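Asker: Here is how the chains run, residue by residue.
Protein chains: 2
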Amino acid sequence: MKEIKIFCPGTIANISCGFDVMGVALDSVGDEMVIKKVATKGVKITELTGQHLPKDTHLNVAGVAGLALLAESDYDGGFEIKIHKKIKAGSGIGSSAASSSGAVWGMNKLLGNPFSKLQLVKFAMEGERLASGVAHADNVAPALFGGFTLIRSYEPLDIVQIPSPSQLFATVIHPQIEIKTSDSRKILKTSLSLEDGIKQWGNVGGLVAGLFMDDYDLISRSLVDHIVEPIRSMLIPGFDKIKSSAIESGALGCGISGSGPSIFALSQGKENAEKVRHSMKTVYQKIGIEYDVHVSPINIEGIKVI
Amino acid sequence: MKEIKIFCPGTIANISCGFDVMGVALDSVGDEMVIKKVATKGVKITELTGQHLPKDTHLNVAGVAGLALLAESDYDGGFEIKIHKKIKAGSGIGSSAASSSGAVWGMNKLLGNPFSKLQLVKFAMEGERLASGVAHADNVAPALFGGFTLIRSYEPLDIVQIPSPSQLFATVIHPQIEIKTSDSRKILKTSLSLEDGIKQWGNVGGLVAGLFMDDYDLISRSLVDHIVEPIRSMLIPGFDKIKSSAIESGALGCGISGSGPSIFALSQGKENAEKVRHSMKTVYQKIGIEYDVHVSPINIEGIKVI
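Protein chains in written order, with UniProt numbering: chain A, 1 to 306; chain B, 1 to 306.
No lab work stands behind these hints: they were computed from the structure. What you are looking at is a predicted structure, and each value in this text was computed from that prediction instead of being measured. Treat the hints with care, as some may be off.
[Said to hold, decoys possible] Simulated DEER-style distance windows between Cβ atoms:
id, chain 1, residue 1, chain 2, residue 2, range
1, A, Ala135, B, His52, 39 to 49 Å
2, A, Lys55, B, Asp215, 37 to 47 Å
3, B, Gly112, A, Ala135, 37 to 47 Å
4, A, Asp215, B, Pro297, 25 to 35 Å
5, B, Glu301, A, Asp215, 14 to 24 Å
6, B, Asp183, A, Lys86, 52 to 62 Å
Glycine residues also receive a C-beta, built at the ideal position from the N, C-alpha and C atoms.
Could you build the full structure based on these sequences and the hints that come with them?
Answerer: Here it is in structure tokens:
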């Protein structure tokens, strides 16, 4: 095998209570990439469609992540990468993570899988460092592992796969405004009250338990964020209205996808997720904000050959 | 049925990362109580052995919890309670919770179980309010539900049962010093860094996932507390030595039981738990501190008729 074409899923990081630790992969939102093994050393981005992003290896997240892998590999050739972006950069559903994870997953596959998924996460995190200044894993972990992931710890990196109840669907609406991840981190407070902390880890425990038990009510009760959402939501136009309309339409919960501006909702069943899509887009239509909106099952396998 | 004799388990609250939200019930450490239905209204403590504690209904946690139940009941008689304390008051393994939970569980049983376990937790919390000034549930929840419990939220009260891997054993050592729960709360900082918060909810998620998956390594990696233990452990003589000796002897983790001074360790298998017992008591023998030490399986049913 010299060349593969892969699907690289969009991802929702944080999932309300799980700030910086939880993420989930989407199935019907994602990029396509073609990775080719070549004799020439290094990583070359030969094609990039769908978004205006740099093709220079050192300025492209897929390039940087790929180089991180090559630095640890004894393979003495290189790779050419074609990236077809369908996830908009800056949307908050893991656009950079899809590219950096896709690059290292595809390269690893073509090399006969010498690296573990955990190692691939570390390589892909270098792409995230380029994109946002922080080598975070909350999008690359679900992109590479699939389903729900918990980053228990960064030092050492410890990623836990959490089961995905089969009837869980995501609705994601992306208002066409730009928030840089780095700006969105700057506005966060660097401390919190012990009282809010206790609520947050109670909810993280509840969310993880709910996912294990297919307990949609418990998942719903746990999708609460007392710490980050109240601050970050101020950057997102119409957030409160979108959230209340999603909940009224039957969503289990609703919150900011990653650092925004996309807003996600989780629902039990596709029909509910479609109702939520309708109610969310109605809000933005009334306010007059341009948007994209997607309904997606949970992607339980992560990146895959297509 | 007019009278029952019951076992009321000791409990470990917090379990390292799960401050104020997690707890677990013990099987071989606990009180005995005899609850009797009588015609005379109210709750009367007719016997109290093993500890010097007030028998006046309004000054006794079992009495106060029992009155909270009676206030919500249409039963027009009363109860007499005999309490045989085996758990030392102030030990940090839920002595007051065993009595208050036992009272309401036994009374509910004799009335034909009109109240749910969640309601019983609320009544028993009134006993905790008397004992420590705070109506907390982290000992009464595991005493009443058995096994591991997660308090996802207090408002509204939401308790989640978490599975208990069958090979999990607890070792608990109680240095004979007194720390009041109220004092132990006062020294806590009322805020924490966002960075520490993220670590803590990562670990809570990991602990819950590890318990669901019988993943002893993950449980072990998650038994970390960056927030409370570093402060509270200063009140407990020899804590660091006890902890390091427990870990060296093979414990999955070790921390403060509730607000202390007892120290707990969790181990995989009884043999390991016994090794940990030996290493812990050796430390206190060298320092010259009086102690009690117990090894116990996890109690998965909570309070039970004996």
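Asker: Taking the hints in turn, state whether each one holds.
Answerer: Taking the hints in turn, this is what the structure says about them:
Restraint check, Ala135(A) to His52(B): a C-beta distance of roughly 58 Å breaks the suggested window 39 to 49 Å. Evaluation of the 37 to 47 Å hint for Lys55(A) and Asp215(B) yields a pass: the beta carbon distance comes to about 43 Å. Between Gly112(B) and Ala135(A) the beta carbons are some 60 Å apart, a value that contradicts the proposed interval 37 to 47 Å. Against the hinted window of 25 to 35 Å, the Cβ-Cβ separation of Asp215(A) and Pro297(B) comes to about 26 Å, which satisfies the hint.
Roughly 21 Å separates the CB atoms of Glu301(B) and Asp215(A), a value that falls within the hinted 14 to 24 Å. For the hinted restraint 52 to 62 Å between Asp183(B) and Lys86(A), the CB-CB distance of approximately 59 Å keeps it satisfied.
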